[in-house]
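Chains as they are written, first to last, in our numbering: chain W, 1 to 128; chain U, 129 to 701.
Honestly, the hints are just simulated from the structure, not real lab data.
Among the hints, erroneous ones may be present.
Quick partial rundown of chain U residues pointing at chain W, CB under 10 Å, derived from the structure [said to hold, decoys possible]:
#1 E489
#2 D491
#3 G492
#4 T502
#5 G505
#6 P507
#7 G579
#8 D634
#9 P641
A few chain U residues facing chain W, derived, Cβ under 10 Å [claimed, not checked]:
#10 R385
#11 G482
#12 D557
#13 V590
#14 T591
#15 I593
#16 K597
#17 G599
#18 Y602
#19 D630
#20 G631
#21 R684
Just so it is clear, CB atoms sit at the ideal spot from N, CA and C, and this is done for glycine as well.
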Amino acid sequence: MDRIQLAATDRSPRVDFDFATGHLSLHGESYPEDAAAFFGPLLQALRTYLADASPTPIVFEVGLAYFNSSSAKALMNLFMPLEDAAEEGRSITVRWRFADGDETIEEAGEDFAADFSYARFEMVREIV
Amino acid sequence: MTAETPTLGAATGPSASDRPASGVRRGGSLRGAGPRRSSDFLSAAGFIDVPTGEPGAMRPGALRGAAQGRDLDSLAHTLFLRIYPVIAVVVLVTQIGIAWVNYRDQLHLYTERADLMASLTAKAIAGPDWRSRPEIYRRPMEALTLDPAFRAATLRDAAGAVVMTLGEPKRGRSFEQITTQADLIAGPGDAPVGHLTLSISAEALRGNAEKQAILAVVTSLILMLAFVLTLHANVRRHVLSPLKRLLLAMREVEHKRWVPVELDGAFRASNEIDVISQAFNRMVDGLRSGDEAKQLLEQLEQAHQKLAQANHLVMESIGYARRIQSSVLPDRSALDGTGLDVAVLWEPLHLVGGDYFWLEEIDGLGILLVADCTGHGVPGAFLTLIVATALDRLIHERGLRDPAAILEALDGMVRTQLRQDGRGSESDDGLDCGLCVWDPAAAELRFAGAGSALTLIDGAAVTRIRGAKRGLGYPRRPGERFAAEETRLRVGPGMTFYLMTDGITDQMGGAGPARRLLGHRGVTEILGPHQGAPLAEQVTVLDAALAAYRGGESRRDDMTLVAFRPRVLPRAT
Numbered sequence: 001m002d003r004i005q006l007a008a009t010d011r012s013p014r015v016d017f018d019f020a021t022g023h024l025s026l027h028g029e030s031y032p033e034d035a036a037a038f039f040g041p042l043l044q045a046l047r048t049y050l051a052d053a054s055p056t057p058i059v060f061e062v063g064l065a066y067f068n069s070s071s072a073k074a075l076m077n078l079f080m081p082l083e084d085a086a087e088e089g090r091s092i093t094v095r096w097r098f099a100d101g102d103e104t105i106e107e108a109g110e111d112f113a114a115d116f117s118y119a120r121f122e123m124v125r126e127i128v
Numbered sequence: 129m130t131a132e133t134p135t136l137g138a139a140t141g142p143s144a145s146d147r148p149a150s151g152v153r154r155g156g157s158l159r160g161a162g163p164r165r166s167s168d169f170l171s172a173a174g175f176i177d178v179p180t181g182e183p184g185a186m187r188p189g190a191l192r193g194a195a196q197g198r199d200l201d202s203l204a205h206t207l208f209l210r211i212y213p214v215i216a217v218v219v220l221v222t223q224i225g226i227a228w229v230n231y232r233d234q235l236h237l238y239t240e241r242a243d244l245m246a247s248l249t250a251k252a253i254a255g256p257d258w259r260s261r262p263e264i265y266r267r268p269m270e271a272l273t274l275d276p277a278f279r280a281a282t283l284r285d286a287a288g289a290v291v292m293t294l295g296e297p298k299r300g301r302s303f304e305q306i307t308t309q310a311d312l313i314a315g316p317g318d319a320p321v322g323h324l325t326l327s328i329s330a331e332a333l334r335g336n337a338e339k340q341a342i343l344a345v346v347t348s349l350i351l352m353l354a355f356v357l358t359l360h361a362n363v364r365r366h367v368l369s370p371l372k373r374l375l376l377a378m379r380e381v382e383h384k385r386w387v388p389v390e391l392d393g394a395f396r397a398s399n400e401i402d403v404i405s406q407a408f409n410r411m412v413d414g415l416r417s418g419d420e421a422k423q424l425l426e427q428l429e430q431a432h433q434k435l436a437q438a439n440h441l442v443m444e445s446i447g448y449a450r451r452i453q454s455s456v457l458p459d460r461s462a463l464d465g466t467g468l469d470v471a472v473l474w475e476p477l478h479l480v481g482g483d484y485f486w487l488e489e490i491d492g493l494g495i496l497l498v499a500d501c502t503g504h505g506v507p508g509a510f511l512t513l514i515v516a517t518a519l520d521r522l523i524h525e526r527g528l529r530d531p532a533a534i535l536e537a538l539d540g541m542v543r544t545q546l547r548q549d550g551r552g553s554e555s556d557d558g559l560d561c562g563l564c565v566w567d568p569a570a571a572e573l574r575f576a577g578a579g580s581a582l583t584l585i586d587g588a589a590v591t592r593i594r595g596a597k598r599g600l601g602y603p604r605r606p607g608e609r610f611a612a613e614e615t616r617l618r619v620g621p622g623m624t625f626y627l628m629t630d631g632i633t634d635q636m637g638g639a640g641p642a643r644r645l646l647g648h649r650g651v652t653e654i655l656g657p658h659q660g661a662p663l664a665e666q667v668t669v670l671d672a673a674l675a676a677y678r679g680g681e682s683r684r685d686d687m688t689l690v691a692f693r694p695r696v697l698p699r700a701t
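Isolated chain W (complex conformation) (with noise of 0.2 Å):
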C-alpha cells in the first residue's frame, strides 16, 4: 500500500502512515472544520491495510497537543480497528504521547487505553 503523508497544518495534524513498515503515527493538533472528512480516508487506508492478512507489528504514534471532541471520536474509529487486528493476534501497539503536566491530554489517553483489550497501549510522557 503506498504511504500517506500530509503535511500539518494550523488545524490538523501532520500524519506518516508508512504501511510498509507498519509504522503510523499522527502529530500536532487536530480540529478540521469536519473531522469525517479529513479522518474518512485514513480510515478507509487504515481498514484496507488491516484487511491483508500481514504479519508486520504495527506501531500508530499519536502525539496531539489538542484535539477537537470530533476528531477525538475520529480517533477512536481509528483505534477499534486496530484492537480488532490486535484480538485476532496481529502485533498492535498504540504510543499515546503527550507533554509532562498536560492532564487533560493525559486523561484522553487513560480513556483510550480504557477501551484496548488485546493491543498494547503505551503511554508516553515527554519531559521538556
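Starting from the known structure of chain W, fit chain U onto it as the hints suggest.
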C-alpha cells in the same frame, strides 16, 4: 490634441491639390478638437500612400505645399525638398564654372593662334619695298584664308593706307571674332613699314560653351532623377517601412492590443529606428504587464467585493441565527426561585455554536444542563436545537426528573433524530453533557454526566466528578447502550459548582516547550482564589484569564461555563 498643434498641424493638412478650390478648410479642422484617429495620423504622415505611390513620383501639390512653407506631405518629400535644391544648385554652378574656365582657356588659345599667324605673315611680308611688289605679300596673305576660322585680313602700309583686304571684317558680333594686329618690321630696330590686321572667328568656342551648358543642365536633371529614385527607394525601405510598422503597432497598442514591432530578425544597434522599435517593444512589454497587473488588480478587487458581500450576507445570516439561538437559551435568573446564584459564560466561537445550556425550575427542582455538541458554528447550533427540543419533551411530556434517566432518554432521542439507530445514517455526531438536578428542600444535588464532569470547589478543595466517559448520540455497535451513573451530593455552605464544556479547559497557550492546553487544573487554579467573589465576577475574571493564557493563540472551540451555588441554604434536616 487639435489640428492647430503646430508640428502635427503642418503634417495633417492635405496637399494643395486635395483641397477644394474654394479653399474651405478640411473637415478635421471644422470638426474641431476631437480625438484624432490613427488612420488620420497615418495618412497625414504620408504612410497610406507609400505602398501604392510610384518611387520618385512626388504627389501633386507637394511642392506647392512646400513652397507655402507647410503641408509637407511626407518625410521623403521633405527630405527631397530640403536637399535637392542645394545639390542641384551646386552641380549647376560647378558645371557652369567648368564651362566658363574652358571657354576662357580656348579663347586664350585662339588669341595666341591669331597673334602667331599675324606675326608670321607680317614677318614673311616685311621688306624694304614690299608695297611695290605684290608677289611678295599676295601669297602669304592668301595663305591666311586657309585657316577655317579665318574671317578677314587687312594689310596697311606705314602711312595707314590699305594695301590689300581679304574676307569680310564686319560680319557677326564683335565677341564672336578675335582681332589682332602685327607690325611689319624689316629688321631689328627699324620702324614699322606696315600693319597687318587679322580677324578670326570664335563661333566654335561659343558652340562648345553652349554644349557644355546644355550638358550641365542635362546632368542636373539626370542627377535629380537618380537622386529622387534613390532617395525615395531608400527612405521607403529604411525609414518609411519600419516607421509604418511602428505606427501600426502603436495603433494596436492604442487599442490595448499588445503587438510588438517586428524587427525582421535584423536588429542593428547603429540603426536609430531599430533602436526606437526595440525601445517601443520594451515599452509595450511594460505597458502590457502594467495593464495585466491592473486588470488582475481589478479582478481581485471585484472578487474581494464579492467576497465581502458574501461574507456580509453570511454574517448577517449568522447574526440572525445567533438571535434565534440566544432566544432558545434560558433566562439567567430562571433558578432564582430555587435559591441558587447562577452565572453563565456562553461564548460560541463563531456567533452561534454547539454549546448549549438549560436552566429551569420545575416542581420545586432546579434543572441545570450544559451540553457540548460536536462541531461548532452553524452545524453545532443545529444539534443544540435537537437537544433543546428533546430535553423539553423529556422534562415536560415524560416528566423525567432523574438526571441519569434524562441522559439515557436524551441519548435515545438524539440518535433517533439523527438516524444513528441503524437506519443508514451519515451522522457521526453527538454531544457531551452534564446535568444537575438541584433539590433545594433536601439541599441535595444530583449529577449525571456523559463525557462531561461537574467541578466542585469547596474552600481549597477541588473535586471533579466525572460522568460516563462516552457522550450521547453517535452510532454505536449493536447492543451497545448508554449507561449513566448518578452522583448525589449534599450541598454545604461555601460550595461552588461549575459545569463547563471542554472549550473552557482546552485553551492552547504558553510559549515554546511550555505550549500546552490549560486543562481542568489550570481553570480551577484561576477560579480558586476568587471563591469569595460573586459568581458574575468569577466569570469575568475567568474570561479575562483565559484570554491572557491564550495570548496570540486563537480559540479552538465554543466555550460555556455555568457556575452556581446556593444563595441561602435551607435549614438542614
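Out of the numbered hints, which ones does the structure contradict? Hints 1, 2, 3, 10, 13, 14 and 15 contradicted; others consistent.
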